[in-house]
Amino acid sequence: MGEFVPARAHEYHARVLSNVRLSRRYFLLRLERPRDFIDPAAGQFVHVAVPTPDDRFFLRRPFSIHDCTRDAIELVIVEVGPGSQALRRAREGDTLHFYGPLGHAYPVLPEKRIVAIGGGVGLAPLYFYGFRAPGKLGEGYRLLYGARTREDLFLEHVALERTGVSLATDDGSYGFKGNVVQLAAAVIEEEPADVLFSCGPTVMMKAVQKLADRLAIPHYASLENRMGCALGACRACVVPTKLDGGSPYRTVCHDGPVFDASVLQWDELPVP
Amino acid sequence: MGEFVPARAHEYHARVLSNVRLSRRYFLLRLERPRDFIDPAAGQFVHVAVPTPDDRFFLRRPFSIHDCTRDAIELVIVEVGPGSQALRRAREGDTLHFYGPLGHAYPVLPEKRIVAIGGGVGLAPLYFYGFRAPGKLGEGYRLLYGARTREDLFLEHVALERTGVSLATDDGSYGFKGNVVQLAAAVIEEEPADVLFSCGPTVMMKAVQKLADRLAIPHYASLENRMGCALGACRACVVPTKLDGGSPYRTVCHDGPVFDASVLQWDELPVP
Amino acid sequence: MGDISIQIGPVRFKNPVFIASGICGYAEEYSPLVNLSRLGGVVTKTITMLPRAGNLPPRIHEMPHGMLNSIGLENVGLDRYVNEKLPQLNQRPDVGVMVSVAAETEDEFIKLAERFAPMDGYAGLELNLSCPNVKGEALDQGRNPQLVEKISRIVKERIPKKSLWIKVTPNITDVGTVARAAEQGGADAIAAVNTLVGIDFDLETGKPVFARGSAGYSGPAILPIALQKVWECAKAVSIPIVGIGGIATIDDARKFFLAGATAIQVGTSLYNDPGLPERIVDALAENPEWMRARARASASPAA
Amino acid sequence: MGDISIQIGPVRFKNPVFIASGICGYAEEYSPLVNLSRLGGVVTKTITMLPRAGNLPPRIHEMPHGMLNSIGLENVGLDRYVNEKLPQLNQRPDVGVMVSVAAETEDEFIKLAERFAPMDGYAGLELNLSCPNVKGEALDQGRNPQLVEKISRIVKERIPKKSLWIKVTPNITDVGTVARAAEQGGADAIAAVNTLVGIDFDLETGKPVFARGSAGYSGPAILPIALQKVWECAKAVSIPIVGIGGIATIDDARKFFLAGATAIQVGTSLYNDPGLPERIVDALAENPEWMRARARASASPAA
Ligand SMILES: Cc1cc2nc3c(=O)[nH]c(=O)nc-3n(C[C@H](O)[C@H](O)[C@H](O)COP(=O)(O)OP(=O)(O)OC[C@H]3O[C@@H](n4cnc5c(N)ncnc54)[C@H](O)[C@@H]3O)c2cc1C
Ligand SMILES: Cc1cc2nc3c(=O)[nH]c(=O)nc-3n(C[C@H](O)[C@H](O)[C@H](O)COP(=O)(O)OP(=O)(O)OC[C@H]3O[C@@H](n4cnc5c(N)ncnc54)[C@H](O)[C@@H]3O)c2cc1C
Ligand SMILES: Cc1cc2nc3c(=O)[nH]c(=O)nc-3n(C[C@H](O)[C@H](O)[C@H](O)COP(=O)(O)O)c2cc1C
Ligand SMILES: Cc1cc2nc3c(=O)[nH]c(=O)nc-3n(C[C@H](O)[C@H](O)[C@H](O)COP(=O)(O)O)c2cc1C
Ligand code: FES
Ligand code: FES
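Residue numbers (the working numbering), protein chains in the order written: chain G, 11 to 282; chain S, 11 to 282; chain Y, 78 to 380; chain X, 78 to 380.
Bound-form chain G, shown alone (with noise of 0.2 Å):
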């Protein structure tokens, strides 16, 4: 563990610009950018407070930049649980408690051939990556997403249809007939990638780590983990890694999300 540098966040109460649904299970939840609101890189993510009418207890929920512009922020969430059906309920100008931005991002390789590998919910940080954050590379990004169904695509709000997108349903009812990792494999053998990144369920980020080990390439992952303070403080994100220091511990708040996929521990990972 390096000496720890305490994250930029602030707290912040941003008014609700919009909340609709992209598809059965997936909706896009804007909020006003609050004017100190520092630029974030493409995979940190905010702490979003769950407005509750009725006192339930709630920890925060972590939700990863899906976009951000000068005026808004932009979520996709999933509806899994109790929280998300909560932020599902928000309105247009309602106000939401949160802060950000939070952890470490993927990093920035202008010179390197990237192939992003997203599923489901994970496309969020690697579209940021591709085409609005910061360290958006145009050309040398490559950015494959895949899901069960056409239904799953849920992202048919922005244009995916675009060089360097390429798309992948199990069940072939669009793109590639595959899982996304398969079609990863396929286009990495038409044109060579220096780096991967990947953000997704354990199981697909596991099996972009196996390809990385074969190809002989670094692999960025974006782990989940539950969280309670997402400042590195209370110890409750850890995942298990090959690092020591004190530890083999690190947690997924701070010194995550994306990490160096080589040193994660990946068969005693949680599956969230």
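Each statement offered as a hint is correct.
From the structure, some residues in chain G lie toward chain S, with a derived Cβ separation under 10 Å:
#1 PRO63
#2 ASP65
#3 PHE67
Covered, in the sense of this in silico footprint (three residues per stretch, anywhere, with C-beta under 8 Å from a C-beta of chain X), are these stretches of chain Y:
#4 131–144
#5 243–251
#6 332–342
No lab work stands behind these hints: they were computed from the structure.
Ideal Cβ placement from N, Cα and C applies to all residues, glycine included.
With chain G fixed as given, assemble chains S, Y and X with the ligands onto it according to the hints.
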């Protein structure tokens, strides 16, 4: 205590027909009347489950039946805390759970001249008694209703401006200037009463009891208390009485809420 | 709908779902809302030798995550219970009745047990050695393993054909020791747990909300604590455990079986959701294998 | 804004609002969100002689009314704390620091105390004799009055000019006895309470959600239980009490003062609402009379 007879209540899941604001703090909640909901008597109540999207714990809340037609059960609710606020949020088409009708009602006294004294939301059962309930009496029933100001006279949706109804406001902004018990004394001065009914703040009902003592006539008061079961089972809602039989306590939910007020220990009543 | 009957001591119950003591009074009161004969049984309000008037109101206080109660064991007393309440309840055929009793002395426990010994119309006794709402006695008994063992023994000796459950307090360092003492004394099951001692204050008066100050905390908030106590009991004894505390959903009930319980009781949540116990019965009966796989051998569920 | 400073033992704190141990790590982490110097102080994560890796993930689990944690005292150890974490925190002038420590033996407590004795940059030590998330030792110490008294004494002797707080467990029959033992041993305050032992199960696996099974329950659900323990301590001792448990609103904090506390710590709710401690400070400072009227004499608030 006589032999215990269980309530003839049932649990219902009923649709909200409408939920409209009557004044700043009062609203009118209309529920679809379940087909087998037995005809309630004035003074009986229903025990309503508070809808809670977020798993907050709620005991049910008791509300007097303000009106009951063939198709609808009406409640008039004043917003005082989290339970009534959550009910305020119920919308047309939502389903609410409740059971009832519960408790002992005002006695039906066809031969008697009744003066009924209501304060605040306490008008509900007295309104029901006078205008709709099976025991409706026409001529012999005079209804006096008091509030602090004109604004708080919430029942503008029903015709209170009719024979037999008199209004009082503390500040004289409408009707008689003064409190409703003073109005009652004045009204009875003009035409005697055989029985008093009351429902409202404890201090008001206590003043009515003084009046009843002075006039040496019976007084039936409807009490409130916090409730658990509302069925006489948990002994949560007891009030102290001058009665005995193992215990001086009687339940508001099952022995009441309407009591022969002469048996109550007025000085020890909870002031909810 | 499969067989989910269970055996606790000498008694067979048609299923493992009960209503907890104090929640439904003498049970008859809840008959308009709950089909009592569909349950494993009801545990009636704790009775004492003599009637008790209970504590000064207010007696309940809602918190966002549970409730505090200070009922103080108001009850009609042994005589009226035996002569009036139990016969009334017995008019409904097929309702399993566990009678909850409390007493101040060993002598009183003997008297209570002797009164019930020759009787019919009930399945067993649940000894409330854990009520926090009356002065000293009950809770102190429940914290003293020697006493728990002794009381268990003197009662069990007198009702060998009935089921004897000892209801334990969570307000104790080591519930396992108390459970073991009850087992040693011959109890057929541990009922865990009673309410946690809690208090709340009225910010306007600056005083506790209840006349007696402290009260009993129950409801969803206490679920993980109650599960923990059941888990500790399960490690300490081999007799069945009846899990109680915070059950508000079918899944909550299932968790008690995972913690080692053989049966459960629904308490506070009955007020909000009187249909809950029957829904739990339905859910368990839909998949009897689930329960059977988890039942501790001691409970010998239908083979 | 009036004076709401308080005295606990030899140390004066600018106000009675703290962040609880383990919640904000070594405090620096929370500096982007909380103006630490506006608080009475922070209690840093419990440290031990040697670094600890803590428990296997998962480490936290949300319940509707609170959370379970099984962090397992992961910490950087005494050396790095003293050489790195504390100096870092001390760069912010004016932040009150209470150092939370745990140890397995009396000898270790002596070593810890001797290390801190000559140091500056902290207000005192809080001894964590109550962590439920590590094997045996800490919790067992906190349940043993003789040991609590002895540990209090050997530590206090070595840091006479600093404030010594003993953090007690609620998982005990009689917290008063332990509090009295701490007082006898020379502690300057009782910090009450640590988490309640709880457990939850995963219905899919049928297993406890945590590798170690049981965990520590905290958050709004435990408020009335924590208030009760403070109330019991207040009857048992005359030294100040620092109230902890379930504080999620200003009113919750006020209730601890009504129960007899002199100061409070915000725990779990900081995760949801990092502005809470400062808002409590503001609310108390708006009406210092309120607090002063309720402060127990022992705490000698500003006259
Ligand atoms: C760095 C990071 C970025 C994320 N970005 C996104 C995103 O862009 N869009 C999105 O939809 N989701 C994202 N997640 C996951 C999101 O935080 C969880 O889906 C959400 O917290 C679940 O809350 P819930 O109440 O709806 O579900 P719960 O019922 O609480 O949980 C459902 C599932 O989510 C997991 N979970 C619960 N709490 C958390 C938590 N605090 N952190 C992570 N997982 C949790 C549980 O283990 C469970 O499997 C991200 C998580 C992390 C750590
Ligand atoms: C027989 C009966 C008939 C009633 N009829 C009506 C009616 O027609 N319209 C109406 O608006 N109100 C009526 N009430 C009162 C109503 O039940 C309470 O206002 C309501 O429960 C408050 O809930 P809350 O969560 O909004 O407020 P809380 O914050 O819970 O409490 C606010 C105030 O209400 C009192 N209160 C809380 N819970 C209860 C409870 N279960 N029963 C009684 N008082 C409680 C508290 O002591 C407090 O003073 C009646 C009460 C009874 C007993
Ligand atoms: C209003 C009320 C009255 C109670 N009375 C008794 C009682 O008489 N005897 C008893 O053993 N337990 C009594 N209890 C405790 C419950 O039986 C149960 O053990 C406890 O409430 C925990 O379960 P719950 O969280 O599901 O309510 C009472 C609880 C409540 C809420
Ligand atoms: C994630 C977490 C970590 C904790 N770590 C410690 C610790 O290291 N030392 C300690 O004394 N208490 C620890 N606690 C207990 C808290 O300091 C506090 O006593 C407890 O959570 C009750 O307060 P609350 O309900 O406000 O959270 C921890 C609590 C949590 C939730
Ligand atoms: S969430 Fe607290 S350390 Fe990561
Ligand atoms: S509310 Fe249960 S007895 Fe009245």
